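Go by the hints and put chain B onto chain A.
From first to last, the protein sequence lines are chains A and B.
When we follow our numbering, the leftmost residue of the first sequence carries the number 1, and every step to the right adds one.
When we follow our numbering, the leftmost residue of the second sequence carries the number 1001, and every step to the right adds one.
No lab work stands behind these hints, which were simulated from the structure alone.
Some hints here could point you the wrong way.
Unchecked claim - Listed next, the stretches of chain B that the computed footprint assigns to chain A, with coverage defined by at least 3 CB atoms under 8 Å from CB atoms of chain A:
1. 1058 to 1064
2. 1138 to 1150
3. 1165 to 1179
4. 1255 to 1264
5. 1304 to 1314
All values reported here derive from a predicted model rather than from experimental measurement.
Glycine residues also receive a C-beta, built at the ideal position from the N, C-alpha and C atoms.
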Amino acid sequence: MNFHKILIAAGAVAAMTASAQAADISGAGATFPYPVYAKWADSYKKETGVGLNYQSIGSGGGIKQIKAKTVTFGASDAPLKGEDLASAGLIQFPMVMGGIVPVVNLDGVKANELVLDGATLAKIFLGEIKAWDDAALKKLNPGVKLPSAAIVVVHRSDGSGTTFNFTDYLSKVSADWKTKVGSNTAVEWPTGIGAKGNEGVANNVGQTKGAIGYVEYAYAKQSKLTQTRMINKDGKTVTPETKSFQAAAANADWNSAPGYGVILSDQPGADSWPMTAATWILLYKQPQDAAAATEALKFFAWAYDKGGKAAEELDYIPMPKAVVSSVKKTWAESVKDAGGKPLFVLSN
Amino acid sequence: MALQAGGMAMDTASRVRALARFRMGDALFRQITRAAAVAVLILLGGVILALVEGAWPALRTFGVSFLATQSWNPVTEKFGALAPIYGTLVTSLIAMVIAVPFGLLIALFLTELCPKMLRRPIGIAIELLAGIPSIIYGIWGLFVLAPFLQVYVQPALIATLGDVPGIGYLFAGPPYGIGMLTAGLILAIMVLPFITSIARDVFEAVPAVLKEAAYGLGCTMWEVIRHVVLPYTRVGVIGGVMLGLGRALGETMAVTFVIGNAHKIMPSLFAPGTTISATIANEFTEAVGGLYTSSLVALGLILFVITFIVLAAARYLLLRIEKRSGG
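So that you can see chain A by itself, here it is in the shape it has in the complex (with noise of 0.2 Å):
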């Protein structure tokens, strides 16, 4: 008898759980977006009722799990070329943007005080520049007084969106950097300690003197470290904040890569913040789960026109309205079930 009653509640609980999965969009991936996707998801579950499973499992785990189907979308900073997309039946768009930003660790420098520029950067980053008072450096900031200190490099540990939009960077503005280290979520770096983390860097730059390290943008405000300014593709000298990071946005040619695989680093522009950086999601064209896909694709268009404000309270740029509609565009074009009947109806 009691064993019966114990199957018949085994058996209401495994109910009960599988209709609260059904109802549950599943995504992994990258880690840079988790808190803005997070705080999306409680306001959408809020408003609808469904709810937003998100592994932050990193970007190549994302990739690595829509690719096994475990899960409904995947997440990446590094965007899939298009050979990739198209062989694996995936579309690819942008959510949403960061700015990525060098931090220093020096006695007397101000905020927004230290101006640096791509060739300097990297060749601190390659080891070559190795102390605060080199005449590179000098030649940039002639009003500030640099000390003679011996400068310590900090980088990511691990594989990371960050540091493959910085290395992204770092090679455009540097033939050395390009040939000798070149682009990627991890590289080979020729100098300096790693940290684990955009928190990692920030701790190790804040209790280092001397140091200097490349976070995201909400990081390093959070952690109130010296920011410095750099001096973008236009030869300008811009700070970093949002309006900088939304200038290199809307400076972009969106349609110019597939899968709107358009790498913000270096963009023209004279207000355009050189290290800006996207986040991409995947999805299958032809889902397996055609009602799970229509869910996320539902999530994903209240996250572009409602979740602006959320996104900008932590430091993340909502993608321009221009690239959003043609985003949506994409989705009604190319998500289908399989009878071909879009997931996606463009509403106007």
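Leaving out everything else, chain B in the frame of chain A:
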């Protein structure tokens, strides 16, 4: 009479049944224990197979040079395991050099010299060390130990030992705070409780009569410890040391926080380095591409082999000691 005979027949029959039941119970118990033991073997075999299969692409591509190359370049997909292997061995060596003497001294104090009142508090404190999660050690190492070393210890060592010929290169600057030495120190603290508590247990097992006899012959405390306690407990002590070494070789999180994660072999103990498990923990999530992932799995396989060699060497050592003392 007939009744009695019938009763006896029933008795015998029920006894046979009972005996059969006991036999079956025993047989069942034996099978269950055997199944448990075999399950572990199957699991271990499965792990080895999975590691070898996962590591195969990397091993096939790089061959033996995988073990001998320092370069670890995800961009060009050229991978070599030398830097992590070096880092793993050196940090574990630093840890053992510090933790073994320390642990044995603490254990000796606790068993031979400590006033009864202090024995429990110190013993419990040491066992608590073993219960602290490794991530806590990592955070403590990064926020407290590393800055302390960077500001006070490393500059002093660089100033004093840095110029000593022969060993000066080990203490060359600049002081980062984090690096191989810091990782070794953290590991030493982490393995200390293993070594201490095992050593204490085996020291306590030395029969009092042996020690009393030695004291009766007029031996000093040092002589009793040197010639009675240590020889008697050699096997157990080595077992404890090996357990500590096993932990040091595989420790991941705490090391990742404080070692500096640089794929380079540098002679200075203050320089950043990396270990096998730290590399895997750092890079596995974002490793895209077959060869990269495979190289990380190959690192795991190498760690497996290193641990196996260490354990096998310990067994061999114990066997030789036992044979010598037996013969």
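Quiz item: Can you name, in rising order, the numbers of the hints this structure does not satisfy?
Solution: 1, 5
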